[in-house]
Amino acid sequence: MRDWRRLVSEKIDRVHLPPAQKEEIAAELGSHLEEVYEEQRRLGLLESEAFEGALSEVFDWAELMRRIHKAKREERIMNDRTKQLWLPGLASFWTAMICEVVLNRMDFGPLTGGPLFHYRLPEVNYVVWLIAEFGCGALGAYLSRRAGGPPSARLFSAVFTCSVLLATMTVVTGICAAARALGLGFTTLDFGMLVRPVLEVVVIPGAAMLAGALPFLLDSKHTAIA
Amino acid sequence: MTTKRIRAKIARGSAELAILSLLARESLYGFEISKRIEEESGGALRFNLASLYPMLYELEKRGWLKGQWQANNAGRDRRYYSLTPEGRKQLAPLRREWRSFFQALDRLAEVSRA
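Protein sequences appear in the order of chains A and B. Quick note on numbering: this note's numbering labels position 112 of the first sequence as 112, and the sequence is numbered without any gaps. Quick note on numbering: this note's numbering labels position 97 of the second sequence as 97, and the sequence is numbered without any gaps.
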């Protein structure tokens, strides 16, 4: 008995589609060829003639794959990682940034004002900001779950803002350290003073975001809408 | 526009209409769709694998069809296609367009009296 699915799998091996999608296409086209073959056998054709007859359904496999790829490709303008991780993470990040700008304009005093190494956060603003971060974490995790993201993607989406801030602080500190080493300034750079900004801007808001994300992390069901 | 392009557009449009009309009645899988179209058109229209599946995937991408794996009468798994509410909504204007197209062609070339 011929393995039509395998035959199609070999023909479509080089098409650029996700493996699961290729498998599904191979199963569907394979079953179609199998039915054509069986029908021709029922009509009295020899096995080899029926086989040739089934294969004649496709004159040019490369052209067929190009058309199938075109038809399937646009479905996946955004891959799963984009939908489940980057977009929710960016949504959370930009919401956090907007909250920060809004809070700054509410004239409670500078939220993250002052030079990096003389960090100062007014307490009221800070608490309000943490509440906003709580909501941003929840938003990131919710959007990721809505797109069918696994718990790891929801977690990353929730704390994406803190990751960006930590990365930014690391880069800025690196630049300052390099400038100091080259004698270009920052003569009073003290790495011990970085602890507080890291705690206030990364660790504590990260914990708030994580707390906001918690209901969406514990819920293990994937509710993909894609 | 070349004759070849016009022919391709007509073939594509008629194929869409044929598939949607058929699936408006019942859910069918690929091989059944090609057989039914061939039978019901008296052999005038014929889809092979290469012409049928890209069209089905395209219509599915537009959200007009929905494919779902189910066992057929012989107990084999087949991907059954059914019309979505959006596809059903598209069918009526598509039918109207084709009707007016044939009427226009008939007035012009007197096809029905030939």
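Hints in this document: simulated from the structure, not taken from any laboratory. Possibly wrong hints are sitting among the right ones.
Each pair of labels, with its calculated beta carbon distance range [what the hints assert, rightly or not]:
hint : chain 1 : residue 1 : chain 2 : residue 2 : range
1    : B       : Ser82     : A       : Leu218    : 33 to 43 angstroms
2    : B       : Asn72     : A       : Ala62     : 24 to 34 angstroms
3    : B       : Leu105    : A       : Met97     : 55 to 65 angstroms
4    : A       : Val164    : B       : Glu38     : 37 to 47 angstroms
The beta-carbon is built from N, C-alpha and C at its ideal position, and this holds for glycine as well.
Holds or violated: 24 to 34 angstroms for the Cβ distance of B/Asn72 and A/Ala62?
30 angstroms, holds
Holds or violated: 33 to 43 angstroms for the Cβ distance of B/Ser82 and A/Leu218?
Between B/Ser82 and A/Leu218, where Cβ atoms are some 36 angstroms apart, the hint holds.
Just tell me: holds or violated, for the beta carbon distance of B/Leu105 and A/Met97 against 55 to 65 angstroms?
60 angstroms, holds
Do the Cβ positions of A/Val164 and B/Glu38 conform to the proposed distance bound of 37 to 47 angstroms?
At 59 angstroms between Cβs, range violated.
Checked against the numbered hints above, the structure breaks only hint 4 and satisfies the rest.
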